[in-house]
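On the provided structure of chain A, position chains B, C, D and E with the ligands as indicated by the hints.
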Amino acid sequence: MVELARRIFSSPLTVLGLFIVLVIVISAAFAPLIATHSPTEVDLLSKLEAPSAEHYFGTDEVGRDIFSRIIYGTRISLRIGLLVVLIAFPIGTILGAIAGYAGGRIDQVIMRITDVFLSFPGIILAMSIAAALGPSIENVMLALAATWWPWYTRIVRSSVLSIKHSEFIEASRALGANPFRILFKEVIPNSIAPATIQASLDLGFVILSAAGLSFIGLGAQPPSPEWGAMLSNSREILREAWWAATFPGLAILLTVLGFNLLGDGLNDILDPKQR
Amino acid sequence: MPLLEVTNLKQHFTTKKGFMGDKTVVKAVDGVSITIDEGKTLGVVGESGCGKSSLGRSILRLVEPTEGSIKFEGKEIVGMSAKEMKELRKEMQIVFQDPYASLNPRRTVRQILEAPLIIHGAGDKAYRKELIESLAGKIGLRKEQLSNYPHEFSGGQRQRIGIARALTLNPKLIIADEPVSALDVSVQSQVLNLMLDLQRERNLSYMFISHDLSVVQHISDKVAVMYLGKVVEIADVAKVYDTPLHPYTRALLSALPVPDPTRIKSRIILQGDLPSPSNPPSGCTFHTRCPMATKECAEIVPPLEEKAPGHFAACIHV
Amino acid sequence: MHALRFIGKRLLLMIPILIGISILTFAISNTIPGDPARLILGPKATPEGLEALREDMGLNDPLYVQYAKYMGGIFQGDLGESTYSQRPVMDDLLRYSPATFELTLFAMFITLLVGIPFGVISASRKDRIADQFTRVFALIGVAMPAFWLGLLLLLFFYLKLGVLPGSGRLDGGMSPPEYITGMYTVDALLTGNWPVFYAAVMHLILPGITLAAVTVGMITRMTRSSMLTVLQSDYIRTAFAKGAPENRVLYGHALRNGIMPVITLLGMAFGHALGGSVLVEAVFSWPGLGQYAVNAINYLDFPAVMGVTMLIAIMFIIVNLIVDTLYFFIDPRLKHN
Amino acid sequence: MLLEVHNMSLALKRAGRYSKILEDLSFTMEQGETLGIVGESGCGKSMTALSLMQLLPEKARLGGEVKLQGEAISGYSKRKLEKIRGNQMSMIFQDPLTSLNPLQTVGVQIEESLILHTKKSKGERRARVLQLLKAVGLPRAEELIDEYPHQLSGGMRQRIMIAIAMACEPQLLICDEPTTALDVTVQAQILELMNDIKRQTQMGIIMITHDMGVVAEVCDRVIVMYAGKIVEEAPVVELFENPKHPYTQGLLASIPKLGQRKEKLGSIPGTVPTPGSMPVGCRFADRCPHVMDICRNVTPEMIRIKEGHQTACWLYDEKEGKADAAAGSHELETALHN
Amino acid sequence: QNYNEESEGAEGTDSPEGTAAESNENFDAEVFNFATNQDIPGLDPHGSAANTTFRVIYEFYDRLVTYEGTSTDPTPMLAKEWEVSDDGLEYTFHLVEDAKFHDGSPVTAEAVQYSFTRAIDVGKSAAGIFSKVIDKDSFEIIDDYTIKITLKEPFAPFISTLGTAFGNIINPALEENHGDDLGESFLAEAEMGSGPYVLESWDRGETLVMKANPDYWGEAPTMETVNIRFITEASTSRLMLEKGEIDLIDNTVISPEVLEQMKDTEGIEILEADSYQIDYMPMNTEKGALADPKVRQAIAHSINYDALLESVYLGQAERIVGAVPKGMFGFSEEAKLYDYDLDKAKQLLKEAGHESGLTLEIAISEDNEVRSNTALLLQSDLEKVGVTLNIKTYAWPTFLDLVTSGKHDFGLVSWTPDYPDPDYNLWYFAHSSSKGPGFNLAFYENSEVDSLLEEARTSTDEALREKNYVEIQNIMAEEVPYIFVAQPKVQAPMRTWVKGYELNPMNSWYVPFHKITKEE
Ligand SMILES: Nc1ncnc2c1ncn2[C@@H]1O[C@H](COP(=O)(O)OP(=O)(O)OP(=O)(O)O)[C@@H](O)[C@H]1O
Ligand SMILES: Nc1ncnc2c1ncn2[C@@H]1O[C@H](COP(=O)(O)OP(=O)(O)OP(=O)(O)O)[C@@H](O)[C@H]1O
Ligand SMILES: [Mg+2]
Ligand SMILES: [Mg+2]
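Chains as they are written, first to last, in the working numbering: chain A, 1 to 275; chain B, 1001 to 1318; chain C, 2001 to 2337; chain D, 3001 to 3338; chain E, 4001 to 4520.
Pulled out of the complex, with its shape left as it was, chain A reads as follows (with noise of 0.2 angstroms):
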């Protein structure tokens, strides 16, 4: 553990990364008391005003204060990110382990299934369930979840190749333990960390595709204070109120920038190779 912290401590970057992201969580946990003003709440008297003391960040088209928003915000990233991981996770996950623990015949077909996700484009998979279920942030996260959980299964079964011949799973077996115990016990735990370190990452990457497409329309719904709807909606005024797009694009840009810089760090620190 202490070992561990100093690893973390002995490059700038990981700490930094560890800085954003416990300042997203922060923000998330404590939203009401962070924010200045209701999130959503609409003040046509005082629409895009400029950053001050009582706006932190200014006030966007309809008068909502944007810090406030973007504090918001972080728990609709937050749960997005989380949510879409926690789907995808364990289904590429299990997929992966049995596909590479199995192989054979359940390997063609886990992995034919993996490349038809794999080749489908994701965003117009996104855009189908959209148009068809109509566009919501729950649905972007079906869409994510539905298009990501393939890498998991990629990763993940790498691995399993990697270890499949080993001597602590043979020895398992000639102990007699049943196909299953060995898959979770044996495999799974020692072929998850590179999927793990993946979706690290990956709760920055959701985040930001999810606000790609909330930025087309897709994502979340006007009130609601998702960074990419607001990037979008402040667009066209990027001259006149720098502020209403700067912040929410500022917003996305460190919270991927926060869980890469921690996925990267926890790479190199758990990579045994680069030790």
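Since no wrong hints were added, every one of them can be taken at face value.
Only pairs whose alpha carbons sit at most 20 angstroms apart, straight line, appear in this in silico EDC-like list of lysine to aspartate or glutamate:
no. : chain 1 : residue 1 : chain 2 : residue 2
1   : E       : K4435     : C       : D2035
2   : D       : K3262     : B       : D1236
3   : E       : K4243     : C       : D2171
4   : B       : K1265     : D       : D3196
5   : D       : K3264     : B       : D1197
6   : E       : K4132     : C       : E2048
7   : E       : K4392     : A       : E138
8   : D       : K3059     : C       : D2127
9   : B       : K1265     : D       : D3220
10  : D       : K3262     : B       : D1221
11  : E       : K4384     : A       : E41
12  : D       : K3257     : B       : D1236
13  : B       : K1265     : D       : E3192
14  : C       : K2009     : A       : D107
15  : D       : K3257     : B       : D1242
16  : A       : K47       : E       : E4260
17  : C       : K2160     : E       : E4025
18  : B       : K1265     : D       : E3241
19  : A       : K47       : E       : D4306
20  : B       : K1265     : D       : E3238
21  : B       : K1265     : D       : D3211
22  : D       : K3059     : C       : E2246
23  : D       : K3013     : C       : D2131
24  : B       : K1040     : D       : E3263
25  : E       : K4211     : C       : D2171
26  : D       : K3262     : B       : D1242
27  : A       : K47       : E       : D4264
28  : D       : K3262     : B       : D1037
29  : E       : K4407     : C       : D2035
30  : A       : K47       : E       : E4310
31  : D       : K3257     : B       : D1212
32  : B       : K1239     : D       : E3263
33  : D       : K3262     : B       : E1038
34  : D       : K3059     : C       : D2131
35  : E       : K4152     : C       : E2048
36  : D       : K3083     : C       : E2246
37  : D       : K3264     : B       : D1212
38  : E       : K4136     : C       : E2048
39  : E       : K4326     : E       : E4310
Don't read these hints as lab results, they were simulated from the structure.
Same frame as chain A, but now just chains B, C, D and E with the ligands:
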């Protein structure tokens, strides 16, 4: 009746090689017959890739043998149902070469040692605890070390944990697949000593696989020398080492660097490397490297014959 | 010969994937509630007209019949007719895809040009300033919302500086070069049409950079980690032991080995860029597949949606096939196996 | 004098901290001599070799002085070092598969040394490469030159490594466990080749190994290392017949000898201390059957036992020491903790 | 706001001449650049219902009659004059004699007959209008330049319909290109008209280029070249307008908020004009609580119309009461206006038995700020009377499906009539035969309204028709199947150098390129 009797065992692997998926057949074990008596050790030596591990693994049915018969205490193992086989697994265990790879890095030593007992539903919690702790003592671990993870141990300790795991179910036969090859000499001797002690104590039988001739000779009662999936010589250890018959055995023995600077050696240096088991030479598979090879060697597959009492070799020239 | 067999095999493998994709798309498009016939005819249509059109479009057939018909068409190179543009989907795809392809390829070009040297520098200066700098730079590219970046670039390079054009593939009023590949830069080059070539390149720069931002990050990161692994390998030590100077080792030995996983990733990056082009095309009014797809979905143009999806999937698979083939030629271990 | 090493020490950065890997190594070597370095895994044998070549990982602190043929190479610039590496001194690594670049043909890899250090023309280089291939006993040199490492067997690869190292006829050849990864029969071939080379050239060879058999076969003189320090140095016969340091004695005792069956082997209890947590005093103290108080407090100096034979142990003092306090392996029993 | 100042200052100080030079650079009096974000699906006048198509085919083709400037009265075009029989069934048109198609052949009575029969045969959008009253036997060619059309039944707005894009006259030479699809695939990408412009090139999704027709029979077109450019991103087209690369942006592209911001930009002008567009809210009268007129009335009372017009439309709209837009014939001045009266609303809800509150859902289609803001405001208004309004956004196809199949409570729709006659809107909105797919999205049914509508449609008596329409509006005001929210103004951002552009209230998509000039 020998504890283990293996007759004409074959283990062929069909592999898709490379990008193309060309199928090749690797005859890893190609008609091996051996026996192991109770309380005795059979040493199996040979160079890398000659099929030693495959032999061990197919005896345990970790891979399905292609052909042949394996009898444990007279019972045929080949074709046995999964359920019966599970029962039998208590009797035969395996110890692996790599002390780093043979223990699940994410489980504590206690969990590792407890797993076999759980799998076979042996005893209750208290019993298991006691058994594990006594085993730990045997291999020189303190109780509190049981909750450590494998990476916190040295190679020798890990190898002993591997042996302890094999012992939890109190088997009769242990197949030790190069248990000391990855260890430093000073540690290797610890493990060898432990194995010898255990054998005496529990009347264990070993199949001891190694490529190190001196180690094999130290621990074995009988030795089988393998070359390209076949046993080329098998006999009591003294016979094999003192009067080796097969030219391969002789070459092996003479190639061994002896830790004695004063000894003057006359070496038989074999030419070339071990041929690929997927494309073995015709006739006697050794003829391509054999200093004694003649024309017939390329044609006749030499049978394993009793050339001297209790001393079998597969060569037409002895 | 080996290579041919390999490619043949891979092409065969595409078939189940494409069937899977077609089923998936078909299923999804058919869960979208709405009546394409009504969309075509608009709110002012007569019920008889609607019915006739639906019959005509085969919308009254059971789903599996529709699917079978569709697949039957595909094998004759017929992707059906777009209900929106009322042209064969194939024609539409030929019209829209070169733009996307050109943009994506250009972005890949930038990606390689920037990503690989950055990755190499980063790896060879691990944990030093240059490394930290390139890593942060790459990460910002990855983390920057493409649409935002696009807008900022437009604001700066188009409005403020006025050095680069703002939208479309050519200057207003300029007519495109003779259609050969549909990629304006290539066609202009082939026909020696220099003004058009210049304009086409200028128009590619901003969307290209925007699209490449993410992939540069991906490639830089992968190059870095792959180079780090390679730099620790024994043969690098051998090269140093021979007395080879650092640059010779870096570029002569390490890079070629380190580039392998990067090449694999390149296929993925290409797919990513294809997907990302939807957003970038929107910002830069780039008349490509992304725009076409958005339109197709907005108008329940199922044949078009199917067509685009299949095309993007095929492109993705083919690029990955090319990547694997490249791999095959670069790595002698695969050739001789 | 071919090589003089004075007080060489090395610290490496690990997880943000420097830890001492090598401490105060001093030894010398004559032209044509083969010096063996033995010791347990992790004791710093490879690091010693890499320190000599100055091919250390980044953030390494290397101290002391190294003189090659009287030239203090330890102070050389990168440029100058590149000139001597592969030229005056070469190195062969343990794993012949991973030590060759998988993407270059064998010919190109051998030729590289020639490009770097000689002014030979293309044709001359090719001729030299062919000559080298033949010299290391490889058949079909003409074809081999265009093959890739993966097409060759382990023994052939190791011969290629030797050819690379020999390309510029170095004065010093450092071999880091050159046969460990090989099969016995192939190992015998390579050792034979090494001995041939030794006979034919005046090259000094440093042979790193943990196999006492190999030491006995090829070395003239041996250095025994333990936990980053030299504990004993002696001519090969002297070392086997008259080992002084308890560690050396233990090491020799734990080797199963031909003719010795199912007997208890000697062994050394405990494990090697890790670089981060070296004990004060003698590093072997915790495992030593003869441990005394002084061992745990004061680091023993190298003591001359006889001409060419020295050891770092408190059991001995200058001259002949307390005559053979520890003699045979039988005293170093206690195999296991139980 | 200081960024704004700074940037303007920066631009100003950067190069006062620079800006001028730049605009000079992009100024070309011969070329008109028009930006829209909507692609053109196809060019067949009979096959498309898209405004972007109308805009260009209106320039490629001529019609019997047309709408000039801001007028919504049909004026002669190809038909220099016409007579209508007293029973309103027979129309005789006299064609101009110098009109020529772009291939040089004259525009004759045969072409007229050909065009209308094809419209009906093709059976798409255009047929929706014409097949009710004419079929292929309706035509009688009297001579080359005279044609008589006999309606199946009287249809008062007939002349008005002829001025729509569906009434464009196509060169019968199209027949040579027929194939088996009535030339649909050919005409989707080509034009065979006689209008002031010819199609020069069309890069789908990018630019459509029109060139002046040098042999145009009418007044020579002013613009030599017209580029219709597809720029999907509104902010990009805005930038390009500022740069002078674009002369005019489609009035649907930029939201009122941003237009507000653009007003002060130098060189840019926002053209404002009345339109017949109405934004309205159908309430499903066949479903749940909304089936009760009291509830609908209550809702009508709970909307703060003034605030809505002010904050959502930024004042650029007028409140309306009925389906007939202000300014159109038949508009009722007297229909009841519901005032913003929460007490009354609560009272009505109580009477209807919804004291304890009510939950309803409003469906809107995506990507329109005005609609989503309207819904938001509505939501907060209704909350005050205890009605919870959930907003659901749908993609346009899904939305269309939902509201035409009656699964909605509320919808929110914008609508512009194709021809300036109350018959158009009212028939669609109120006739029982139009329920659902016919776009009677309230599923409103009132037999009195039905018969009034039918009578007015078949009558030629303008006074009677007007009376009927007013009556219908009054009835509907009482029963409130729809809440008519606003009649917004059309605002088109353009360069100040654009002269002569008039927005027609009915055809707000129409840009008379052939009459527009550019003067610096
Ligand atoms: N599962 C398998 N699939 C395909 N080929 C295999 C498999 N297992 C072993 N082989 C092949 O069978 C041959 C014998 O392998 P085996 O591992 O039994 O040799 P070994 O004598 O144990 O060698 P080593 O000393 O290297 O452990 C080798 O050529 C090997 O490549
Ligand atoms: N790159 C490195 N960074 C930090 N410490 C290292 C590095 N490489 C090796 N070490 C440490 O240096 C010590 C000496 O390692 P070295 O490789 O020289 O041992 P060795 O005697 O060659 O062992 P072996 O017989 O296993 O090859 C070990 O404790 C090892 O953990
Ligand atoms: Mg083995
Ligand atoms: Mg080493």
